[in-house]
Amino acid sequence: MSSNETPQKATGLHVGTAEPGCKKTDPMLVIDHVKKSFGGLTAVDVEHLEIPKNAITALIGPNGAGKTTLFNLLTGFDTPDTGTWSFEGKSLSGVPSFKVAQMGQVRTFQLTKALSLLTVLDNMKLGAKDQAGEGIFKSLFPRFWKKQDAEIEVKAMELLKRFKLDTKKEDFAASLSGGQRKLLEMARALMTDPVLVMLDEPMAGVNPALTQSLLEHVLNLKNDGMTVLFVEHDMHMVRHIADWVVVMAEGKVVAEGPPDTVMKEQAVIDAYLGAHQDTDLGVITGRIDTINEEESK
Amino acid sequence: MDWGTIINNTLAGLLTPTTIAFALAALGLAMHFGFAGLLNFGIAGFMAIGAYGYAISVLTFGLPWWLGMIIGVLGSIAFAVLLGVPTLRLRGDYLAIVTIAAAEIARLLFLTTAFTDVTGSADGLFGYNSAGGFSSANPFPPGSYGFGPWTYNSETLWVLTFGLGVLALCIWLLWALMRSPWGRVIKGIREDEDAVRALGKNVFAYKMQALIIGGVFGGLGGIVYAAFANVSPGVYVTSITFFIWTALLLGGAATIFGPVIGSVIFWVLQAFLSNILPELAINGILPVDGTQAATLRFVLVGIGLMLLVIYRPQGIFGDKREMTFVK
Ligand SMILES: Nc1ncnc2c1ncn2[C@@H]1O[C@H](COP(=O)(O)OP(=O)(O)OP(=O)(O)O)[C@@H](O)[C@H]1O
Ligand SMILES: [Mg+2]
Numbered sequence: 001m002s003s004n005e006t007p008q009k010a011t012g013l014h015v016g017t018a019e020p021g022c023k024k025t026d027p028m029l030v031i032d033h034v035k036k037s038f039g040g041l042t043a044v045d046v047e048h049l050e051i052p053k054n055a056i057t058a059l060i061g062p063n064g065a066g067k068t069t070l071f072n073l074l075t076g077f078d079t080p081d082t083g084t085w086s087f088e089g090k091s092l093s094g095v096p097s098f099k100v101a102q103m104g105q106v107r108t109f110q111l112t113k114a115l116s117l118l119t120v121l122d123n124m125k126l127g128a129k130d131q132a133g134e135g136i137f138k139s140l141f142p143r144f145w146k147k148q149d150a151e152i153e154v155k156a157m158e159l160l161k162r163f164k165l166d167t168k169k170e171d172f173a174a175s176l177s178g179g180q181r182k183l184l185e186m187a188r189a190l191m192t193d194p195v196l197v198m199l200d201e202p203m204a205g206v207n208p209a210l211t212q213s214l215l216e217h218v219l220n221l222k223n224d225g226m227t228v229l230f231v232e233h234d235m236h237m238v239r240h241i242a243d244w245v246v247v248m249a250e251g252k253v254v255a256e257g258p259p260d261t262v263m264k265e266q267a268v269i270d271a272y273l274g275a276h277q278d279t280d281l282g283v284i285t286g287r288i289d290t291i292n293e294e295e296s297k
Numbered sequence: 001m002d003w004g005t006i007i008n009n010t011l012a013g014l015l016t017p018t019t020i021a022f023a024l025a026a027l028g029l030a031m032h033f034g035f036a037g038l039l040n041f042g043i044a045g046f047m048a049i050g051a052y053g054y055a056i057s058v059l060t061f062g063l064p065w066w067l068g069m070i071i072g073v074l075g076s077i078a079f080a081v082l083l084g085v086p087t088l089r090l091r092g093d094y095l096a097i098v099t100i101a102a103a104e105i106a107r108l109l110f111l112t113t114a115f116t117d118v119t120g121s122a123d124g125l126f127g128y129n130s131a132g133g134f135s136s137a138n139p140f141p142p143g144s145y146g147f148g149p150w151t152y153n154s155e156t157l158w159v160l161t162f163g164l165g166v167l168a169l170c171i172w173l174l175w176a177l178m179r180s181p182w183g184r185v186i187k188g189i190r191e192d193e194d195a196v197r198a199l200g201k202n203v204f205a206y207k208m209q210a211l212i213i214g215g216v217f218g219g220l221g222g223i224v225y226a227a228f229a230n231v232s233p234g235v236y237v238t239s240i241t242f243f244i245w246t247a248l249l250l251g252g253a254a255t256i257f258g259p260v261i262g263s264v265i266f267w268v269l270q271a272f273l274s275n276i277l278p279e280l281a282i283n284g285i286l287p288v289d290g291t292q293a294a295t296l297r298f299v300l301v302g303i304g305l306m307l308l309v310i311y312r313p314q315g316i317f318g319d320k321r322e323m324t325f326v327k
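Order-wise, the sequence lines are chains A and W. Using my numbering, the letters of the first sequence map in sequence onto residues 1 to 297. Using my numbering, the letters of the second sequence map in sequence onto residues 1 to 327.
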């Protein structure tokens, strides 16, 4: 395993200075004035944001910054109060979530959604798109879908091997551990052949050894031509694989840029410190220090 | 005590038009609840619409029996769509409330005197089997068929044959659907519909299809029942819904043959209890009188249902592993 090699970072992603809302040379997602409030609380308030194509973008920010809410809005799982956004130039406002997924923008959930009483293999096969056997009339006659189903199974087994779940294929997903479910959900999302993969804390609860190999999978996704947008709290991971980092705090984008410069910005430190001033200040400052230490290396 | 009669009547419960009608309705619930996770407490409503659809088409509109039955099926499809459009977007338990209410509304509409000309009000409807030609379509010449507890006249034999044919078709349909990728999507929706949505499946459309298919099975149950007995609003009450749920859970909600076997066991038990309890009362073993003893069986059914859900929620035929993971 080429574990500690620094991966090839994508560069030249943006135009002009790296500031919140800056233009990208080749954007995949373009977000304008997207705002969402829950009662009096403004969870998301993004003026303008572009997510670069064929790159790995990390979305970071303290707890409650609005990252998951933004994911929900972008994938049609929630509707914003105002705003528009487009995916590869096609407007997605008001498009239902399943259509968003069909267009190739596929997400995973922060709270893992394994389909408990389906086997691991069925979970995977469910992910495949355009299955003839999913139409109610064709489903009655296996000759319409047997062959396609066998192909899907081969693909599913390949992915399961990559995610070290192949020995579990006949088990109910309910019998998997928390980390294994995260892996299954991610593998299942990849079964849809997505263009843009949106991962909400994919590594939370996954052991370090596996994290390492998963990071490689995420990097491979980029090499396969996919775009990745992920939420993560582990700054080491963000630094390791992200080409671009977007920082959110209290619903707003407060900074964006390449990982090694953006984390030094005052706005970012403020965002993390500001949100935790009276709680676990030590941990957070520790974390920021680690970043600074690595910077000075 | 007359054990011969008790055993004879109990065994007769194995195969009756009622058992078949129950099996069909339970199969509908298996589609709804066992596979798609839709909590339908209004299966009696689907049965009523099927039965009345058939009877009214024949009696009021003078249609032949087979067309009347098709109209009964179309009626249950319409009922499913009517229920589904406003409720399938809501959380599961709302569907339960709406279905129970809708089934009651349907029953009360059939019961009200406002439409007596068409529905027969409290008297219900009869005579449609001969008027529509179902009786004369009977291929069996008059006579006595079968043996022992399973001795039938030609009319009952015809209903049984017809009912078993419909049941076999429905079992095949459910089996074929659930082994396919379509069935995989349906089971996925039962587990977590947002996850399925995130994979690009039109969850609403799938839930609607499941509601319609299960509803048609329920409607066919009502039609088979109507082919045997009169159509009466007193039959399609909420308690029949719970009997069908009992049959379903007895066999196993997420299985194909479970609902059928569950219905058979339910009716055999019912036949046994309704014979033995009054006997026990008469012989002074039970401290109640005869009529009370007959109603006691429904109490026992209720207790049985509770024990079943607590100790064996996956039913007799359910996958053992499911037991470990019941939410
Ligand atoms: N359905 C909801 N109803 C009310 N408030 C909500 C709802 N969903 C989110 N919020 C609020 O919106 C804010 C943003 O929540 P969100 O889940 O997007 O945060 P996050 O950035 O994903 O945090 P974390 O890193 O902890 O996952 C929070 O203050 C939260 O309380
Ligand atoms: Mg979150």
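Misleading hints may appear alongside valid ones.
Subject to a maximum C-alpha distance of 20 Å in a straight line, what follows is the list of computed DMTMM-like cross-link-like pairs (lysine to aspartate or glutamate) [unchecked claim]: (1) A:K129 - A:E151; (2) A:K129 - W:D192; (3) A:K129 - W:E279.
Covered, in the sense of this in silico footprint (three residues per stretch, anywhere, with C-beta under 8 Å from a C-beta of chain A), are these stretches of chain W [what the hints assert, rightly or not]: (4) 195-204; (5) 218-228.
Here are a few chain A residues that sit away from chain W, every Cβ distance over 12 Å (derived from the structure) [as the list claims (entries may be wrong)]: (6) E19; (7) D26; (8) T84; (9) S93; (10) G94; (11) V106; (12) G133; (13) N220; (14) H236; (15) T261.
Worth flagging that the hints you see were computed from the coordinates, not collected in a lab. All C-beta atoms in this analysis are idealised placements derived from N, C-alpha and C, irrespective of residue type, glycine included.
Evaluate the condition: distance from the CB of T261 of chain A to the nearest CB of chain W exceeds 12 Å. T261 of chain A clear of chain W: closest Cβ-Cβ about 33 Å, beyond 12 Å.
Would you say H236 of chain A is clear of chain W, with no C-beta pair closer than or equal to 12 Å? At roughly 28 Å from the nearest Cβ of chain W, H236 of chain A sits farther out than 12 Å, so the non-interface label holds.
Closest CB of chain W to the CB of S93 of chain A still more than 12 Å away: holds (18 Å)
Per the stated criterion, does the least C-beta distance between D26 of chain A and chain W lie above 12 Å, as a non-interface residue requires? holds (25 Å)
Verdict on V106 of chain A as a residue remote from chain W, using beta-carbon distances over 12 Å: violated (7 Å)
For N220 of chain A, is the shortest CB-to-CB distance to chain W above 12 Å, so the non-interface label stands? holds (21 Å)
Checking a non-interface call: every C-beta of chain W should be farther than 12 Å from the C-beta of T84 of chain A. Is that right? holds (22 Å)
Please work out if K129 of chain A and E279 of chain W have their alpha carbons no farther apart than 20 Å. violated (62 Å)
Between K129 of chain A and D192 of chain W, is the straight-line Cα distance small enough, at 20 Å or below? holds (18 Å)
According to the definition I'm using, a residue is off the interface if its beta carbon is farther than 12 Å from all beta carbons of the partner; does G94 of chain A meet that for chain W? Answer for G94 of chain A: holds, closest chain W Cβ roughly 15 Å.
Within the stretch 195-204 of chain W, is the number of residues with a Cβ closer than 8 Å to a Cβ of chain A three or more? With 9 residues close enough to chain A, the hint holds.
Check the hint pairing K129 of chain A with E151 of chain A against an upper bound of 20 Å on the C-alpha distance. Status holds; Cα separation ~12 Å.
Hint compliance for this structure: hints 3, 5, 11, 12 are not met, and every other hint is.
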